[in-house]
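If you're matching them up, the sequences are chains A and E in order. Note that the first sequence covers residues -13 to 410 in the working numbering. Note that the second sequence covers residues 2 to 384 in the working numbering.
Worth flagging that the hints you see were computed from the coordinates, not collected in a lab. Where hints are given, some of them may not hold.
Okay, derived cross-link-like pairs now, BS3-like style, lysine-lysine, Cα gap no bigger than 25 Å in a straight line [to be verified]: (1) E:Lys332 - E:Lys111; (2) E:Lys111 - A:Lys157; (3) E:Lys377 - A:Lys286; (4) E:Lys231 - A:Lys157.
Below, each chain spelled out in residue letters.
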Amino acid sequence: MTSQAGTEEGTQVSRRKLFGLAGAGVALAGAGAAAGVGFDRLGGDTPAAAATSKVDFHGEHQAGIVTPAQPNLHFAALDVTTKDAKKLRELLRTWTAAARRMTAGEEVGPNGALAGSAQAPPDDTGEALDLPASDLTLTIGFGPSLFDDRFGLAAKRPPQLIDLPAFPKDKLDPARSGGDLCIQACANDPQVAVHAVRNLVRLGFGVTEVRWSQLGFGRSSSTSRSQQTPRNLFGFKDGTNNVKAEDTDVLRDQVWAQAGDGQAWMAGGTYLVARRIRMHIETWDRETLAGQEQIVGRTKGSGAPLGQTGEFDQVDLQVGGAGGTPLIAEDAHIRLASRQTRKGVQILRRGYNFVDGSDGVGHLEAGLFFLAFNRDTRTQYVPMQQVLSSKDAMMEYLQHTGSAHFAIPPGLTPTSNWGDGLFA
Amino acid sequence: MPQFRKTSTAVLTSLGALVALTACDSTNSASGPSGAAAGGPIKVEASDTACSVSATTAAAGNLTFEIANKGTKVTEFYLYAEGDRIMGEVENIAPGLNRRLIVEVPDPGKYQTACKPGMAGNGIRGDFTVTGGAQGQSNASAQKTAATKSYATYVENNSSALETETAKFVAAVKAGKVDEAKAEYARTRVFYERIEPVAEKFGDLDPSIDAREADVEPGQQFTGFHRLEKDLWTTGLKPDSPQIADKLLTDVKALVAKTKTLQLSVLDLANGAKGLLDEVATKKITGEEETFSHTDLWDFQANLDGSKGAIAALRPILQERDATLVSTLDKEFANVQGLLDKTRSGDGFKYYNELSQDQIKAFASAVDALSEPLSKVAEVVAR
Ligand SMILES: [Cu+2]
């Protein structure tokens, strides 16, 4: 697969052609399996991977969690507008079928954008015609508010699915927080991710409505050792010590919910914390290089911990500087967030950079859309964020403006549907 | 309220150049042995409305000013170098008293004298020219010592005013005089906001004095100025407001005591000047700091003053090393001040919620234009 692959017939199978060529999906899946492992630096091999690769929708866990993070995100939080649990369950089935098709690179419904009646609106909105599956993953989650008295789900609420506490310095916008449901769409092509969310939202009209949504670009952490560590909008490598797909023991211990954790229907699932973090990049850009590196605790170039040489060197919080003071300051981001300081607690991060235009006074409305998965938010994310929001030197340049928490149910078989465990 | 910046301190320590500062520096110069003042003492007659100085030129060297307060208000006398850098000052001259100021002025140039009846405001200014002397002979380390000493005087003046004004504010709160306390609130905070980078050196005191409600950590009590701000403007005084007021005064006194032993370097000054503008950019331009009272522009002015005060102290060093930077800073400081002046109302400012989006945007852009050159100051003084 070269970067020209996209122009060659046979390598790039668009969803329109696929629609015409029944059965081509099998060959496509084979090509995708190889492509998914590729080194995914944006602008490097991504176009090639985008041309052919698919992520399997089915599995023990939902795709889009340890899947090597794709470069684009469209995330939507929705509220359920009906009080009829049956309608909600039916929508979840409809969504499952649509997601199964779209992640395979097919149009959302059998008639697609063009083959239906000319007198009816098309089944598929059409903006992803000619585009391949692009590693699209669709991941769904249930917010704490879904477990109120509307649908009789209160007894199904996992104890881990708490209402997040207030953290110091939060400036949360209710219009960017909460939600009964969430859809996370990640893809190599932003148009494919947007298409997927748009069509699921469309299928949900009358049952759900969008509460807020967020676009993200330039994944800001790696979830696989096959990936290079990307940089966040502060210009620093982000996610060097993230939990990786290859760390299966850590995942079992710190990410995947187990049958005995409280709600058996969540076994194989996980809990997602979504935080919209505005970065004051203009003031950050006026911070000296030495100051920036002290705040982070790493060098800006290589990403090595201060006092060490390689990005992946085991962080040594003890390395001394002048006068015996550790080079990694007491309030440095990596010290406070480190596994050592957090007594072994880790979370799997899957954040994205965002720029939502400018803020009306000439500053970029930019930041990090932080997405993290953990097995128990009460003992993993919450204590970590309490410490960071009150002690992290970086907080001077950050502001949390949105916040949400979701239970992410386990993965699906080819015959099961989202919501099966919840409504069983 | 930005976070305690241990970071910058750590950077500074490793670069060295720490200079010991004590509060007595300025008083020493005021009451020390009479030096060889060229041309004899210069007499200053201060009243409530005038400040007459017997000579407006002198030769470089030790100058002696003899100040007589003929007015009815307690007054102060200052000698300023360009950029309002304090060369020397005497405080607390009660009506009817005479005090003497001896100040070393090694460099010729343009200076200003000022009397401050009531110890507030810009004072009654007069031009003062110093001639002769050996200009620019001072070595870098002497310049740095002079800069930190000059800034220490600035901090000392503002922290003593902070203590005085906080006492008045606290008394009004405790007496249940809501209107009086509201009037005193913004006026008091000015002195805090001017020296905020210094206050932040004391990690535990800054949050207890200046934390916003949203900054309060779990298990921590919401105290300080903003708690009383909320009581005064939103909830009404509460049964524990007097205790919160007492604690505020105790904390402020502790802070003032600590500022006297603080060691600051020229890099602290440079970073502080920049930090104050960052504070404006993220907290004042958004109206976040004074959520209940909307007196953000008072703080804005105070942050700007504080930044200017630090740069004024560094001015001789900057002037010698990068004169273009100095003129850029002068221009941009004036630009921001010009915008602020347009929002003046009475002896204060408009409330944040009275600003138009265009005004907010103009502030943001002017503050960015000033912050960019300010962010280069540290590197210049570190050379
Ligand atoms: Cu982090």
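Here is what the structure says about each hint:
no. : hint                : result
1   : E:Lys332 - E:Lys111 : holds (19 Å)
2   : E:Lys111 - A:Lys157 : violated (48 Å)
3   : E:Lys377 - A:Lys286 : holds (19 Å)
4   : E:Lys231 - A:Lys157 : holds (17 Å)
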